[in-house]
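There are 2 protein chains.
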Amino acid sequence: MSNQVRVAILGATGAVGTELINLLIERKFPLKDLKLLASPRSAGKKVTFQDQTLEIEAVDDNSFDDVDIVLASAGGSTSKQWAEKIVAAGAVMIDNSSAFRMNPDVPLVVPEINPNDVHNHKGIIANPNCTTILMGVAIYPLHQIQPIKRVVVSTYQSASGAGARAMEEVKTQSEAILKGENPQPEILPYPLAFNLFPHNSPLMDNGYCEEEMKMVNETRKIFGDDDIRITATCVRVPVLRAHSEAVNIEFAQPFPLNKARDIIAQAPGVKLVEDWQNNYFPMPMDATGKDEVLVGRIRQDLSNPNSIELWLCGDQIRKGAALNAVQIAELLVHDN
Amino acid sequence: MSNQVRVAILGATGAVGTELINLLIERKFPLKDLKLLASPRSAGKKVTFQDQTLEIEAVDDNSFDDVDIVLASAGGSTSKQWAEKIVAAGAVMIDNSSAFRMNPDVPLVVPEINPNDVHNHKGIIANPNCTTILMGVAIYPLHQIQPIKRVVVSTYQSASGAGARAMEEVKTQSEAILKGENPQPEILPYPLAFNLFPHNSPLMDNGYCEEEMKMVNETRKIFGDDDIRITATCVRVPVLRAHSEAVNIEFAQPFPLNKARDIIAQAPGVKLVEDWQNNYFPMPMDATGKDEVLVGRIRQDLSNPNSIELWLCGDQIRKGAALNAVQIAELLVHDN
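As they're listed, the protein sequences go chains A and B. Counting in the working numbering, the first sequence runs from 1 upward without gaps. Counting in the working numbering, the second sequence runs from 1 upward without gaps.
Okay, chain A solo, but in the shape it has when bound:
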């Protein structure tokens, strides 16, 4: 792929789409051309990009003819609708939806974990689920030293995972509740302000929700290890943008704590945040807007000599979605 790349963002007006534009600028992505695509409803809207004003175009059959990379972030059905056209036009689709993630022909990539998998694409590369990316970046460095046997994870997921409108709903709902009103939720199924609830993705017959099964299945695919046993409880909390996770990690034998801490401190995409004196550890407010996954509270599990506990926070829109997609695009550009 040439060093001057023609990029299209499909779903340019959403929370992730907006962040994709910011990241392409911030990271000086070698852009030749940027095309912002969205549904006809959003067409004509203007977006300022550096010193230019770009107009959102309605996506159509010819949108991808002069494009090298499509960053797709408009939901699974939109990705499915346009994937064939994108590939036929000779572009590579980096898809933020779950539509193709478990397809054996589609690499599922976290650049800090399995960068080489990008080269095995047949036109589509999938960006993993947000909670999966954040956990993977934090625990893969440990897995490389001693294979992880089992993970028990509980998540604390922000409203941003449900999109910009859900973030707005939490704010307006909070305002209304503080005024003594009893607002009805419109975007999320239940009130999230001053409340929380198990993740609202569809439930499987096994009692897990889709979000939890993504953590189970996608982690295995990204790590290239089908033996890791994972159980997850995913929960939405009234936080706007960054996700948190409490992760219990079991190995075949004890993992020395100091070693774990050293590895985490040096791992790519991770920042060790531990101030034991001040009881200060990763918090969503500190992870917001950051590229790194903040990891801390690394402890020996008192209930199992072979397990350790850790706590992490990461920006759901950035590393959990847009940043990871742009990093994949960078791999495509730099490795060719």
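Honestly, the hints are just simulated from the structure, not real lab data. Treat the numbers as computed from the prediction; the structure is a model and nothing was measured. Where a beta carbon is used, it is the ideal one built from N, C-alpha and C, also for glycine. Just to be clear, a hint being listed does not mean it is correct.
Stated by the list, open to error - Simulated restraints, written as ranges between beta carbons of each label pair:
no.	chain 1	residue 1	chain 2	residue 2	range
1	A	Q266	B	M204	24 to 34 Å
2	A	R41	B	M204	52 to 62 Å
3	B	P189	A	K32	45 to 55 Å
Unchecked claim - If we take Cβ atoms under 7 Å as the criterion, some of the chain B residues that face chain A in the derived model are:
no.	residue
4	A99
5	M102
6	V152
7	S154
8	L196
9	N200
10	R229
11	L240
12	A246
13	F281
14	L302
15	S303
16	P305
Given chain A, put chain B in place with the hints provided.
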């Protein structure tokens, strides 16, 4: 103890103290006399109790002379300061603080679990930690059928655990943040509105905080089983009043899901809340003001055939504190 009981509430102006008064009325506790005690700072304040107006009295050396039961909820140092005087006066102290919980001479009681332990007191009975009570009520019925080997729990704890002023702080902080301001926390160490953080109780050398070690040690004492292995991650979330917990429970062999569900549905102090069609499970907003611990999302753990997952919410001020204390007082009255 006679059926007409003289009760004093020590710490009558706090969040739990206020709820204690409500519960004594609601549950028609056989009161002969109610004395409301607090620090000299709060003395003279008036509280309406049914058709009477009661005045808060400053606690002093003679406060307990004509009292049968003292419900203490003014913090550990106050409990330690007055315990000897209370016992010397012939009253029984039901202490909501952590001061005496692990003292081998002090029963630690959850009436649904170990009601008979109340009779072994030497003047003091301890009320367990809130998260410990809520988890215990939910999982003890399973433990009775098949002994629990290990628990991995993550908590989602409301502001009320840090008292009425912390609840107020979350509200004023939310208001300020919604106005675009950047408020500094005063009661809690870090901003909790639209944020969350690992529990702010003091950290032990093993990396666990006090709140987490309470779940480990108190559960063992209440269950009368020192073999249960427990690990906990306690987290404060921007919810006002009810706590939630994601609990992974390991047995020596598989626990049939339908059996678990039947047991939970019939257990005292527990309400099974599971609407799989509507993805509706326990939420803090529904647990607020309720006596029962709401339990749901009972699932087979995919990572271990001998483990199940469950999710619970309970009112921290009610069953997590005041209600449990009043239930202990009721046991003292009815069993004598």
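Query raised in the report: Any of the earlier hints contradicted here, and which numbers?
Result: Structure breaks hints 4, 5, 16.
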